[in-house]
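Chains L and G are the protein sequences, given in the same order. Per this note's numbering, numbering of the first sequence is gapless, rising by one per residue and ending at 121. Per this note's numbering, numbering of the second sequence is gapless, rising by one per residue and ending at 1093.
Please keep in mind that the hints were generated in silico from the structure rather than gathered at the bench. Watch out, some of these pointers could steer you wrong.
Stated by the list, open to error - Some, not all, of what chain L presents toward chain G, calculated at C-beta under 7 Å: (1) Leu56; (2) Ile58; (3) Glu61; (4) Asp63; (5) Val77; (6) Ser81; (7) His92; (8) Val97; (9) Glu101.
Glycine included, every Cβ here is placed at the ideal spot set by N, Cα and C.
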Amino acid sequence: MGTSAEIRAGVVAELLAIAPEVDEADLVDTDLLRDQVDLDSMDWLNFLVRLHKVFEVDIPESQYASLRTIDDLTSYIDQHR
Amino acid sequence: MIEFAMPALGADMDEGMLNEWLVKPGDTVTRGQIVAVVETTKAAVEIECWHDGVVAELLVPVGQTVAVGTPLAILAEPGEKAETSAKPATTAVAGPAPEAAPVGHRLWVSPVARRTAASLGVDLKTVSGTGPQAAITLHDVEHAAATAHHEAPKAAPPPRQVATEPQSAAERARARGVAMRASIGAAMSRSKREIPHYYLSDEIILDTALAWLSEQNAGQPITERLLPAVLQLKAVALATQRFGEFNGFWRDDHFEPAPGTHVGVAISLRGGGLVAPAIHDVAEKQLPELMADLTDLVGRARAGSLRSSEMSDPTITVTNLGDKGVDSVFGVIYPQQVAIIGFGKPAQRVVVVDGGIRVATTVHSSLAADHRASDGARGALFLAEINRLLQQPHEL
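Bound-form chain L, shown alone (with noise of 0.2 Å):
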């Protein structure tokens, strides 16, 4: 995966896995993705760890509390993988 675009796409991919019930026009990529998703710390994780499996990127601890809308993600991801 490439682009941006393509990060992006794997990122809400993902959050869907975890999160069906959401309706993926409904995401907004600069919202928290807190008031968007009902995400309690266990599908945090799980969600993390899926990420780090797709883009086999590694996101320590301390970077949870500055991830927090799909913008952050795609870019995280797009810097460290």
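Once you've looked at the hints, dock chain G against the given chain L.
Below, chain G without anything else, positioned relative to chain L:
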């Protein structure tokens, strides 16, 4: 010959529909093997066999709804020649099935049916059961109670038909949601009706535990990291070892302590409802193993696939609503357990430590306990023990 009966699946599930047999006559089964799948209002439950043997006969066809305690299959003991004639069985094996119908007589009654009959004054001997082996279901008792006012009990209604008309996935999900609300309602109503709850709360400073956890996780790949929830589960399990009166069951007017610490974890389901299946032997497990168990359990609960032993034997429950943003949660005890521990959200709060004002990350813990089994003074010590254990995370 051994009768293998439908195990109890918790206080809010007294029947299920046999969805699938995973064994057939002639197959050898071992203790713990999954032999069937039963559909309940909350999940597809994989039914584990609790005896070694050879399947002689399957008694319940796929598609039939059966009450807890109903014989599902006849097993020949190892070495015994498998006969296929259904003789009156002498033993019923349902594993940890505390609520299974009593063995040794022909009257099979589901637990909820028995309770309802008692409260409605229905004589079970006059009720015609429509379940397999003429087991009496809740439906039969209610039917008998409704007709008892104006006539003598009459012939049994026709056996319940399994809905065969095609349903869309959305309709099935909706029907399941309605059924799950009814199950939760029945269990929680019973809890509030029968269990004299008392409630205590404590505030736990988490700085030490969270710092220790960060340090642990920093050196680990994301797949091996621990959540604070596993520290809480382990602390609760260890605390019950010193405060056994909170780990077990209230049955037949007395407390039965449980030998193991099988901690039920309240798991909310997407789309509504919850389940509280057990992680087994929490006190004996290391944190990484507990984390793996918790991840697996949450995943399977949300996918709607659980095992009968997980449903039937939690000895105490932990509910954590911290991720939903509440400060504290006071639980409703799951019958026949005697305690539920609640955790709210960890947050920075102003606390007084050693006479000085400090900002610390704290969490509010709570205990709801059955006053028949314990008193507040012991409950307070139990909560304090959980607090003490969470101050020493390296020992968890």
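Check your understanding: Can you list which hints this structure breaks, lowest number first?
Key -> 1, 2, 4, 5 and 8
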